Structure formats: structure tokens, C-alpha cells
Amino acid sequence: MEKFSYINATSLEQVTSLLSESAWGEVMLIAGGTDLLAELKEYIETPKTLVNLKTLPGMDSITADASGLKIGALATVADIARHSTIQHHYTVLAQAAASVATPQIRNVGTIGGNLCQRPRCWYYRDETINCLKKGGDTCYAVDGLSKYHAILGGDPVYIVHPSDLAPALIALGASVKIVGPEGEKTMSLEEFFTLPATNPFRENVLEPNEIVVEVTVPAAKANTKSFYLKAREKGAPDFALSSVAGVFEMDGQTCKTASIVLGGVAPAPWRSKEAEAALTGKMIDESVSTQAGADAVKDAQPLNDNAYKVTLTQNLISRAAMMAAS
Amino acid sequence: MASWGEASESRLIGKRITRLSGKDKVTGKAKYTFDINRPGMLYGRILRSDVAHATVMGIDMSEAEALPGVKAVIPLIEIGNKLRYQGQEIAAVAAETDDIAKDAIRLIHVDLEELPHVVTEADAMADGAPQIRDDWASNQSEPNIREDGNLEAGFAEAAVEVEATYHTAVQTHVCLETHGHVAEWEDEQNLTVWASTQGVFGVRNDFAQHFELPANQVRVITEHMGGGFGSKFSPGVEGHAAAELSRISGKAVKLMLTRKAEHLVAGNRPSMTQHVRAGATRDGRLIAYDMKGHGTGGISSGAGFQAPYVYHVPNLRTEKVNVATNAGNQRAMRAPGHPQASFAMDSLMDELAEKLGMNPLEFRRINDANEVRQAQYTLGAQEIGWHRRNSVAGSGTGVKKRGMGLGSGLWGGGGGRGTEARVTINSDGTVEAVTGTQDIGTGVRTVIAIIVAEELGLAPTDIMVTVGDSQPGLPSGGSGGSQTTPSVAPVIKTAAAAAKQKLFERIAPLLDAPVGDLRVGTGTIYVVSDRTKTITWQQAAGQLGMESISEGGQWDEELRQNGAAGTQFAEVEVDTETGALKVIKIVAVQDCGLAINRLTTESQINGGVIMGLGQAILEERFMDPYTGRMLNANLEDYKVPGTFEIPEIKSIVFDTHRKVTGVGEPPCIPTPGAIANAVYNAIGVRIRELPITSDKILTALVEKKA
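Heads up: the protein sequence lines correspond to chains A and B, in order. Per the numbering used here: the first sequence = residues 1 to 326. Per the numbering used here: the second sequence = residues 1001 to 1706.
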């Protein structure tokens, strides 16, 4: 990696002012570092300054009350996975957290970092390949090897968003609190992520001088069942080939509302309004769940090597729906 | 005639004995090459080619040389020469810290003229492909053709035929300890190298030749080694570079490969493609076999495999070529050629058996002349519960379907001449055993201790074993071909026996008995004709005074045997909605002759099965045709089995005779074929390509439905 200076953060004001004083990528934020360190070592990023966020007080707490969850950006993935309220009432989130990487990585990786992590695409991660996401003019996955790439929303960059927590949180209706030089703002997590058609270089709407500080999740509704189903080639560690975060408000076998968000298949966590519509208000049986899966992938545009993801995603959605009804 | 004696007479040999270095390894006390640090040592790094094919027009090392802390910079390729694969060496540096060395190689500026590359077999074999080897007429070697019997007559006799194409991916060795060395010159004429190698003496001789030194002025040390699997027999460019950087700088230099370089340049198992047409008679005899196949070992040749494999076919024609690609050289990898061959042949066997309506186990019984494997079929089938297998493939109900399959293998492992060893008994009762072999993780250090301890009536922990050092001047061969234990064991045994004989001669007068009446007990020596005459080992050794006994050993043909048949049965479960494949159980029945240490023999079988599992379900090198890069030169996307993938493994040490046979390699051979056949039995769809990943299973299930 290139040399950089290292500053321990003392306040959010200091962090945003440091970010404001520099160009994109010159000052970068580090918390768990499980993604950033690899990017530095591979020369994908070459910041001049790293700001250590772990010295900011009080940003790692998880509070659960009647209004829902408040999760500080520095809370670790492991903290989320083992939080008993999350396990019982926000199951999809606990399952997603438990599916991340390995115990070592979960112990240091934070929710903020998990949401802001960069793509795993093998072209992007090769320093010597100047792909579209890095400012070049080609997304190599289009004609190249695309087994792990996007089937939905790809154009013009066919990366997939690697986060497991994001689909779960979006399915739970989470919001994200962002602090910038002008103060703080809150937006839905769904709107936080962007597609490459909007910005091929980034995966979210953060401005260069902004930082994610907290994630809030509304209180779980009664009679809700939720699941995170993650298909991967290897038990651990492995990123999702496809994943489904499903939150179902049930009345017996009947689905009152459904939130279905996909991971591993699009450059951003992918809310499937089609699957949700196919399930909402329906008595879930095999034909309804199969239809929901089929509707979710009807606009999928697979590349050379990833047509299997269409079937896989369809089947995972059907499976999640059937689990909700059982 | 020398023999290992009866099992009932053995106190240690054939028992399950914990490896002597186990505690050192789990506590981190064991020193691998990576752990060696010398006073004032420098760190070496290599600048490698990013591109797959180019001519080197210039190398400017001046900026690197000027970087503070850099002590030596050397070019590793001449101007005007071609780089022929990603990762090929361009230059090397040595610096005071590893960080400085990393920075320094990025300051070397290389002027390249890029050439068109071919990194996949399809591209290399296409019409108009750029030719990448000057010494071949095309990107394909001259075909190797074999004919036997009368193919046409064979097919005329066939009642059923199968025509299919089988393919296996290029696999890399993934040594946990990457290749590398620490080199240190004592003076201009004496070089010491700590090497992560499978062949201490081969590496010594290579360095001696490279630097024009007398062989005995190069010392090579490999105390512990973190995996080689056939890829670590020579110093390679990186070894020579480490020693050259050390020579120039006058300091010790440590140069270990990065994980990326390990994938790119440190060897691989070639791919295999077989187009086969084969026939069998109504009564289940293989009768005709026509195969055209190829594989790529990168820029080198060596993509060989046996076809047909294990089972006899009287009428055949086979044609094999090597395909050159702009990728790193293949190297021997655990049973080179065999797992590929076994996967294709055992898949074919099942396809033929199904057409005949015959149980695949019965079909093999008819066509397998190997008596050992015939017995193994019975044992393995019992152990896995073969009767539970789906009689109709894919007939199980539910989303998750189970199936069973089997595969077979054959290996040599008979060892050979070329080992010298010395067993020394000192007057304080201590015993030393020294030989120039190396313990590459297989446990030969413990095997040596067991043999000596058995012979002398002591415990394995009483024996001080020295291996992995060329300085005592007791050569042994490289650890390849599953040859280490069968090569070393006879020499150690005869050395220990000779030392014991000498000791008996010294103490016979004391015990007032003929030498021939003396025997070892447990820590004692006694007279067989008068058991009241006994002394302790300490007392006996004490008679030696200032003169230790030190005896060499001899090769003894009668103490080892060549030939290790094996068969494996797999049970798998396939999730038909996700394509996820879970291997539930592998039963590995492995012919191994006399297992000197049953525990480490079982460990070797376990390890082989896990490696075969990796090839079967996960491992694949991905080469990008456009950029010429390997896209998964890491351990994230080059996936090796982890704890979640490893099934219950029943390792059956099938010891039918009392002669030593090496089994380092053969347990990885039958695994992929057994798993592939089990997948077919589970879902009724055949995957003819390794690795059998979920995308392939799901795609095949969709095609079947359609």
C-alpha cells in the first residue's frame, strides 16, 4: 500500500471538515477496516489520510425499545448477530449478520462499513485492470467472465452489491442517518443506494464529505416472520451468489404485507416490488410463491455465465414465502 | 530375508502414534521457512508481469536502486526476451524491510511491447490463434496416439455405446506456506538456504550448479514445511533470485512468494478434456474405447492423463495433445493426471452401466482385474450402505435429494534406492537417527522414530530424529511419487538393526551369553535362553564409554512394495432448488501395505479426500480471455474446502500385506469420480465438468426440466 497519515477522530465535526478539505479518495474513513485494508493493499485506493472512527465515543451502541432499533455505525456485525432482541424480533437482520464472512471479520467489521463496502468484482479488484467503475471505459464482465455478476439493474456496470445487512435492513424499512458539514439528515436506506446508471463510480449517494452515523429500524409489527436466505458456493467465508431478505406480516397463511429485497444479483440491494405485489393479500401456497419468484426475475438480463442466478433467485424467493406460510 | 515381522510381534509399528512434531506445530514453536529470521536479514520481492504475452524492450531499475533502504536490485529477464504468462519474473529487489521492498518493485519501470495472448484452450485451438510457442508447429503438441486391438470390431461387438465429453478445470496447489527461501552466504564459497521444499538434496544440487559451487558447500535446511503437493522440488526463479540478492548485498535475504504469485507461477494441475465414445457387451464387458483428448499445462507441456484408466478395454484408440496457453507452467500435483483420468473413466463406467441396466458396482467387478480393489468394493459398499442407493437415478422425493457413487484409483508408491541413514547409540542411552529426507507434513519424522524405537525396544519420543538438513551428508530423494516412507523405512530399519547388533556384541560378554541369544525388551536387553540375565537399556549403553555406536543402513527391496489400489464411495445431498451440493460421507478404502503409523496414514487419507473434494466441488482457475489475467489469484474466489464442506470421512487403512507402500497421493484420486457419480444418482442429471458447482447443477436441472 501507499504511505498515508493516520488520524484518530475526536468528533464528527472534525471528520466532516477533514473530508471537506480534500478531493474524493484523498481522505478515507476506517472503522473495522476489513474491506478498506484489502483495497489499500491491492492499490485500489490510495488515500493520503486515514481517519480512524473507532475513537468516536458512543457510536457503537445498539438500543432496542418500543420505537424500534437504533444501531450506531460502529456497532460490529457480531454485536448485531448475537443481539437477543434482534434475533427474536428482527430475525432477518440477525440471520444476515450471522452469514457475513467469518467470526474474525464479524468481530471487527461494522454496520457502517458493511453498508459502505465496495464491490468484490474480480475485474474491479485487480489493480492492473482499469474497468469502468474505476474510470475506464469498459465493464469487462459484459463480455468476460461473469459468474458472480449482476442479472438486474447492471447497465453499464455489472457489479453486485456485496452487503448482506443491506437487504435485511431495507426489508425491515430501515433509515440511515448521515452527517455532513451542513448537519445531519435521515433518509430511507433503500434510497441511500444507487445504481450505476445514476453513478457508475459509487454505490450510494454519500457526498465526499458525508458519513453514515446511525441506522434506525422501525418497530417490528406483530405477526411478522422474517428470513435471510443466502446461497453461496462455500459455507464460509463466501459472498452471496444470490440472497433474499424477506419480511412477511402474516395472518395465518395469508400474507398481509411482504418486503422482499435481494442481494448478490444487482449493483444495489434490489427491492422486488413484483414479488411483493404477487404475495400481498394472498393466501400463500406453492403456486403463489412460485409466481412471486417468477415475477421477481422476469426482467432479469443475465450475462454469459450467470443465467443460473435467475433460477436461483426465483427459487429462493419461493422458498422464503413458503417458510412464511408454514 | 528381512521382514517387518508379524503384527502380533510389533509393539509400535502399525499402531496409532501421535506425531512427534504435533505439539510444536500447534503451539507455533515449529519453525517453517517463513519463520526464519537471520541477523541483518533483508526482504526480497519480485516484480512480475501483469500481462500474459509481451516482449521486454527495456527495464529501468534506477529509481528502485535509489530508494533508501534498498540494498540490491537485479533483472530476471533479458531485454528482447518474451514474457509468456502473467506473473513471469522481471526483476527482484532486496531491502531492509518488506514494505520498502514492496515500494521498490513499483519503482522499476518496464517498457513492454505487448503481443496477442491466448489464455484459454478454446482460444489457443481456434483457427488463426496467435502461436505462442516457437518450438511447436501450432499451439498443440504432436498427438500422442495409442492403438490396441481392433476398434471397429470392438464397437461391432458392443451392445451399448456412450459418447460424452468430460472436462476438469485447472487447479492450483494452494500450499498454505507459499514457495520461498531464506538465503545466506557465510563467505563467497559457502551458501546456506532455508527452503520450503520437498527435496532438500535436489535443491542443494541445484543451487550448487547454479552458483558453480561444490555441492557440499551448499547447505539446505527444511525443518518444517507447509505443503508442496508436487510443486516444491526446485528453487525456481525465486530461489535463485534470493541467493543472488544475498550474494550481492552480503546479507541474508528472505524471499517468499505472495499468495497471488503462488497461484500464477508456482504450478498447477493441468486441465483435461476427453471426447470419448465407448462400448460394452450385453454381459457387461468393456469392449471398445475411442478417445480424443487434450489439456493445458500453461506454457509448458505435461498435461497428461491415462485413458482408459484402471479398467481394461481390449480394443482402443486414444489420441492426446497438449495445448499451450499463456499461463504459468503446470507442475506435478498430487497423483499427476490420475484424478482427472479417474473422474472421466468412472463417470463413463456409470453411464455405460446405466445403459446396460446394470448396478455400477457389478459393472466394475466384471471389468476390474485388480484383486485388491475387488475386495475393497465389498468393504466400501458395506460401509456406505450401497443398498440404500437409488436404483433409479433422481428417484428420491423432496427438494433435497441424496445419491451414492463410487470411483477408483491406482498408484505406485514403492519407493526406491538413494537414501543414506545413520543410527547412533550414545553411552548415555540417547539414540539419534539421521537422514536427508524431509518431513513435508506427512509425518516421516515420526515414522523414523517408530522404526528405530521398535528395533531398539525404546519409545518413539526417546529417538532424536534429524531430517530436512543436507549438512550431515546423508542424502535422500525428494518427497514425490508417494516414495518417502517406502524409500526411507528400509534403510532406517537396517541401520537400527545394525546398531542393535553392534550393541549386542559389546554387551554379550557382560551377560555371559552368545550374541545370538540377546533380545531387546521394553527398555531392556535380555538373554532369551536365560531370562534372569537382563540389563536396562541405560546400563547396556553405559558400556560404550567414549565410543558411540553409529551404523548406516541399506536399501532392502523386500521391505517395501509397489502398487496401491483404492476405491471410494460417496454419499451426497443436492438441494434441487439452489443447486447446493453437500457431500455427506466419503468412504475411502486405501490399499497401503504396512502402515507404520496408522494415525498419520489415516491423516493422509483424510487429507487426500479433502483435496479430491476441493477438485470435485470448488476449485477452478479462472483465466480472462480478454485481459489475459487470472481473475481469482486469491483465496476469496479460488475456493478451497472449509469446515462446512468437509464431510464425514471414513478412512479405511486396507493393509493386506506387511511391506511398506507410500500413500501420500492415491487417496485424492477416486474422490471426484465418486462424487460426480453420486450427484447423478441423486438428481438424474449428469455433470461432466469439474468442479461441480451449484451453477452447473442448477443449469443442468433447468435443462432437464425443459
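Worth flagging that the hints you see were computed from the coordinates, not collected in a lab. Owing to the predicted nature of the structure, the values given are computational and were not obtained by experimental measurement. Any given hint could be a false lead.
Here are the simulated DSS-like pairs of lysine-lysine, each with C-alpha atoms no more than 25 Å apart in a straight line [as the list claims (entries may be wrong)]:
| id | chain 1 | residue 1 | chain 2 | residue 2 |
| --- | --- | --- | --- | --- |
| 1 | A | Lys147 | A | Lys134 |
| 2 | A | Lys147 | B | Lys1585 |
| 3 | B | Lys1650 | A | Lys147 |
| 4 | A | Lys70 | A | Lys221 |
| 5 | A | Lys298 | B | Lys1705 |
| 6 | B | Lys1585 | A | Lys41 |
| 7 | B | Lys1260 | A | Lys147 |
| 8 | B | Lys1582 | A | Lys234 |
| 9 | A | Lys282 | A | Lys221 |
| 10 | B | Lys1102 | B | Lys1400 |
| 11 | A | Lys298 | A | Lys70 |
| 12 | B | Lys1585 | A | Lys234 |
| 13 | A | Lys273 | A | Lys298 |
| 14 | A | Lys234 | B | Lys1650 |
| 15 | B | Lys1400 | A | Lys147 |
| 16 | B | Lys1102 | A | Lys3 |
| 17 | A | Lys225 | B | Lys1650 |
Hints, verified against the model:
no.: 1; hint: A/Lys147 x A/Lys134; result: 20 Å, holds
no.: 2; hint: A/Lys147 x B/Lys1585; result: 28 Å, violated
no.: 3; hint: B/Lys1650 x A/Lys147; result: 34 Å, violated
no.: 4; hint: A/Lys70 x A/Lys221; result: 16 Å, holds
no.: 5; hint: A/Lys298 x B/Lys1705; result: 18 Å, holds
no.: 6; hint: B/Lys1585 x A/Lys41; result: 40 Å, violated
no.: 7; hint: B/Lys1260 x A/Lys147; result: 21 Å, holds
no.: 8; hint: B/Lys1582 x A/Lys234; result: 10 Å, holds
no.: 9; hint: A/Lys282 x A/Lys221; result: 18 Å, holds
no.: 10; hint: B/Lys1102 x B/Lys1400; result: 49 Å, violated
no.: 11; hint: A/Lys298 x A/Lys70; result: 36 Å, violated
no.: 12; hint: B/Lys1585 x A/Lys234; result: 17 Å, holds
no.: 13; hint: A/Lys273 x A/Lys298; result: 12 Å, holds
no.: 14; hint: A/Lys234 x B/Lys1650; result: 22 Å, holds
no.: 15; hint: B/Lys1400 x A/Lys147; result: 24 Å, holds
no.: 16; hint: B/Lys1102 x A/Lys3; result: 12 Å, holds
no.: 17; hint: A/Lys225 x B/Lys1650; result: 41 Å, violated
Violated hints, listed in ascending order, are 2, 3, 6, 10, 11 and 17; each of the other numbered hints is respected by the structure.
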